[in-house]
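Participant: Using the sequences provided together with the hints, build the complete structure.
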Amino acid sequence: MSLNPESNGKEEVRIGFFVCHCGTNIAGMIDVEEVAKYVATLPNVVVSKDYKYMCSDAGQDLIVQDIKEHRLNRIVVAACSPLLHERTFRTATMRGGINPFFCHMVNIREHGSWVHSEKASATEKAKAVARGAIGRVKFHKPLEKRKEPVEPAVMVLGGGIAGIQAALTVANSGKRVYLVERDATIGGHMAYFDKTFPTLDCAACILTPKMSEVGAHPNITLWTYSDVEQITGYVGNYKVRVKHRPRYIIEKDCVGCLDCIDHCVFKNGNTDDEFNQGLSKRKPVYIPFPQAVPKIVAIDPNACDFLAKGKCDQTCIPSCDKNAIDFTQKETFDDIKVGAIIVATGFKTFDAKRKPLYGYGKHQNVYTALEVERLVTSSGPTEGHVVLRDGRTPKSVGIVHCVGSRDHQTNRWCSRVCCMYSLKLAHLIKEHTNAEIYNFYIDMRCPGKGYEEFYERLLEEGNHFIRGRVAEVTDAAQTKDEEGKLVIRVEDTLAGFARRIPVDMVVLATGLEPREDANDVRRMFNISCSTEGFFLERHPKLAPVSTTTDGLFLAGACQGPKDIPDTVAQAGAAAAEAMALMDAGFVEMEPMTSEVDELRCSGCKTCLNMCPYSAIGRDDAKGVAVINPVLCKGCGVCVAACPSGAITQNLFEDQEIFAEIKEILAHA
Amino acid sequence: MNAIQREIRYESDRDPAFADAIRKMPGCEAIDRCIQCATCSGICPVASYMDITPRRIIELTRSGFKDDVLKSNTIWICASCYACQVECPKEIGISDVMMALKTKAIAEGTYPKGMPIPILAQEFHDMVSQTGRVSESKLVQKLYLKTNPFKMFGLRRLGMKLMKTGRMSLKGESMKRPESLQRMLQAARIKK
Amino acid sequence: MPEEFEPRIIAFFCNWCTYTAADLAGVSRMKYAPTTRVVRVMCSGRIDPQFVLSAFAQGADGVLIGGCHPGDCHYIEGNYKMLRRFNLLKRMLSDMGIEKERVRLEWISASEGDRVKKVVNEMTEHIRALGPLKLPEAMAKWDVEFEEEVKEEPAHV
Amino acid sequence: MKYAYFPGCSLKSSGRAFEESMLKLFAHLEIELEELDDWNCCGATAYMSVDETSAAALAARNLALAEKMALPLAVPCAGCYGVLRKSAHLQKDYPAIQKQVKDGLTAIGLSYTGAQEIKHPLQILAQDLGPKAMRSKVKKPLKGLKVACYYGCKLVRPEAPFDNQHDPQTMETLLKGVGARVVDFPMKTACCGGSLTGTIPDVGLELSWAILHDAHRREADVIATACPLCQFNLECYQEDIQEKHPDLKPIPVVYFTQLMGIAMGLSPEDMALHRQVVPLTPILQEKGILDSGAAKKSPPRQEHDA
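Top to bottom, those sequences are chains A, B, C and D.
For the record, in the first sequence the residue sitting at position 340 is 545 according to my numbering, with numbers rising by one throughout.
For the record, in the second sequence the residue sitting at position 147 is 206 according to my numbering, with numbers rising by one throughout.
For the record, in the third sequence the residue sitting at position 85 is 1380 according to my numbering, with numbers rising by one throughout.
For the record, in the fourth sequence the residue sitting at position 234 is 659 according to my numbering, with numbers rising by one throughout.
Where hints are given, some of them may not hold.
[As the list claims (entries may be wrong)] In silico DSS-like links for lysine-lysine, alpha-carbon gap of 25 Å or less:
hint, chain 1, residue 1, chain 2, residue 2
1, C, 1412, A, 324
2, C, 1326, A, 746
3, D, 571, B, 235
4, A, 567, D, 571
5, A, 567, D, 601
6, C, 1436, A, 867
7, A, 273, A, 257
8, A, 415, A, 500
9, B, 83, D, 524
10, B, 235, D, 527
11, D, 674, B, 220
12, A, 242, A, 257
13, A, 558, B, 149
14, A, 542, A, 527
15, A, 867, C, 1395
16, D, 517, B, 210
17, A, 324, C, 1413
18, A, 685, D, 669
19, D, 674, A, 685
20, D, 437, B, 201
21, D, 669, B, 220
22, D, 674, B, 223
23, A, 257, C, 1326
24, B, 230, D, 437
25, C, 1395, C, 1413
26, D, 517, B, 149
27, C, 1326, A, 324
28, D, 527, B, 83
29, A, 690, D, 571
30, B, 83, C, 1413
31, B, 235, D, 437
32, D, 517, B, 83
33, A, 867, C, 1385
34, D, 527, A, 690
35, A, 553, B, 149
36, C, 1385, A, 746
37, B, 223, D, 437
38, D, 437, B, 220
Worth flagging that the hints you see were computed from the coordinates, not collected in a lab.
Facilitator: In structure tokens, the structure reads:
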């Protein structure tokens, strides 16, 4: 492996150099003609020219013709970031008839013209990095992108509306879908709602048909009460181990007749019903809500006396004529192979107790918005009657916006949906109780289709809208008509004075935030998160549903607060991206993997534990290390660790990088 | 009937130097982050007695409407209880801004006529700079002599109670060596 | 005023985090000193200490290494390997008389464009204060001295 | 357990009951307090509103004196507690102010490194000493006495160094430890009026009324405080408040140290109950905590001690 480029294979190195104006983006701050003229003087450079738009068809054709005309065997393009157009120029190089990896890009826009303010030094820097590339490209070798088959199956994590929509879209294209949901049923947060804004469609009417479609769909394997235990592999070939938590019910036998619930030893509920936000109780054997999919009961190990304390008459067992109850069930696992994964794990609402001055958890009549969703819905604990915990119907209700949001002490971001759902709740409460409704807001954010009209409708219904963030909800009454009420202290900024408004009921419009285990999920799937903790998309505009990990897509509020219309649209997009991957049938793997040169390898095993993907094994017969190209992800950590320099990483070989450094620093 | 007057402000009425001066005072750096949400006015125990609410004071200050701010009684009614600063969702040092405005008003003598608090502050400052201690009764006497002597008469009921319970001493309090305090204060003063 | 010394800094940026952050700084039109020349690697763990030595030997005045925050590495733990090598390298460089401030390791995530600007500007100032390293010239001088030494003593047989 | 002690001006005049009861209580609990030699007034908010840098130096002198004694500094008056902490913050966060304070202190041979610990008696009793040590000393548990614990602003704002900012419980824990019953009191950190009560009564008295009114609504027998200014504003103006709020019934306002002392069997005189404008003794007798004849004729009102 001599350093002399000429002897690298027989043919002499002939380089074509193209520097792009990019309109004025580059030419505005870098003298591109000067760079082209300078590079022409460098050894092995046969063609050196500048062009207005290298990434245009005309620009690419320039490369193709010059390769043919001047028998070029190396191409260097100085333009924008390789992360943007490396693929474009490699394709053009291939069309010219030479191996695409003989093309190398130099970033003189994002790292050059856009970030410098002085033409001379920017041009000097452009020349240096161009010179580096010229030095480097001599050592490039022909490489082939490895094609890997894509498993025609998708795993969707999370069974909320995002997961449901993505699963259905993919399943309808004939592909296999594994929908993994942590709770006992799919439906997510949307299942709690009575109506949805702005059209006041009943949430159940638009959600339950989709849920039953998922339940019945031949292509969807639905696993509820399940989590992802472990994931290995890479795009097109993910191996996922799914853990099924014991339901103590034999799923295939249970028909959802619910007799076991009636015969449970507990005559009425003995533990908080999470679905009803704790407003009512449920038994240890339960079904979250009547339209649950799958319509299978589950036994809560903490609430069931037999499971928790080991002694109970177990009156439930004989009541089930399908004898589907099985207390001996243990955790089971399933190992599946999928080509793509869609993460749709959703969000958590802000814990209102973190704003003590609003008195949630202290004053009985302070509710969170989710609790009120359960109060207004007819299938809720109060059959839709909005009543306080002491049975009274409220005559005045205060809805507090931005609870936990737009606040440096809790969540800095606006949660985007609270203004709209507060309007919806105001309408529903008014409809059920005809009470005086007050909404306290900082900015009324109603940007969607039909949103502003919905706000207008609420105004015309005679609800009070007070612009001012509520400072405190207190029961320290100061006048007769404040006794027995919750007093809201606020400055009505539009009217220009402070107000004390006594109400019977306070509703806190809590914002959206990442789930507690977002960090664990993030680390398991190797995706990064933004500063707030939501999962980070590859690019907010150019790739909003994909992540930096190929084959892994995002949908719904796990990527950031959003309402149902945006969530469904994003779920469709994620499904489309996954299907594109599977329809292509194969995926091209970047060739930057590493190889061991057996002659140099001393078998010292330093590299073995370097590899996080255990792609390096040891051939005991020859006493040398061996790298499995399928598992190698091309990070190059082992290359730098090898004491005898026996490992090389394609496209990032030591000699290429040494040459690049040497040329960058070489004087003109 | 309120007199009909035209109320419009021109950019020339703004004094950006005033706004910048306040921004440089300790704790007042973040006033530009304010979204006028009014949590400060809502939580303030005395906002309802102020002619300009704390929220509007922040807006007027950062825009540089110096006269409106320094003529208002807001900064004097503010009792520095820090409730607004603690609750502000944008973590703006609102109490520090009120304190900075007090300092500016006292320094420039631009406070509403008859407002006792700046006079109390000055008297307090002078007494402590001299003796190193505060003698409550002497301070109250000095304040009322400067503001309205007749009201002193109203204090006799309170004075009697304090005398009866031994909580009123007419003796002037002082440090043993106040001159050491004065030397320190002199050395700490900004070298002009 | 003597013509101001423009430091030349070789910046090894990892493809997934710091290189992307530098792109973001570009897209956001942030301005910073034109002193860095970026060499892209797939992971900061790929950076062989010899690259840093070679950069100094060829005339670089400073070397900046950018990687993902611990726990965020696209290849799970490449940055930890870099941290280990970096600590050893830093001690070795100072033993060889190269000031500590001339080589710097920064964790910069894909969304931290402003940190790229801050770090580059800061490092440029530090190195401008230290002045040029001029290792190639020094080496040339040492070669000459070595030649003379050898000439004076007859080779021991 | 030994502390340097910074009384502050109020504790030498209108707030004397706080100093007297605290000194006796701490002695009874074998906590040693050594008053700073020739301390100076902390400046309160008044001095700061005239000149912030000198105010920082003023307070820093006391911190420097305490640092010389190498003892944590006990600061009972909440007002002084807030000002001393603010001076420490200003010096830490603003180098310009730190430099000037340093110049000032060096001119009189003092120095302040920023390490000085500033502690309130509530913190000392609840955290340093701890409830167990006091449980054995309770002689007359305050059975049946319903107390509203009032903290005011400076102990919890701008930050709460030793307790929850919105719902502090230190005083409740201490008083429950000596047998009292505490009422839920959401206005425990509301502003008492501060310097407004003496200067703009129309505003100050309303704030005090709101607190007294809510204490009655919660059926409290007595309000316990930990700051001389709060005690003064809440207790001494009740008659003036009644002019605008005739329905306001008088309610004694005491220092928590007085209640704890009584519970540990210390005499009403030691606990300076004779300093009350609204007497507490009758309520204690009615609850059987003090036997009826106990409170002798109140001792002569010495003008003030040395």
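Participant: Tell me the numbers of any earlier hints that the structure contravenes, in ascending order.
Facilitator: Hints 3, 14, 16, 34, 36 are the ones this structure does not satisfy, whereas the remaining hints hold.
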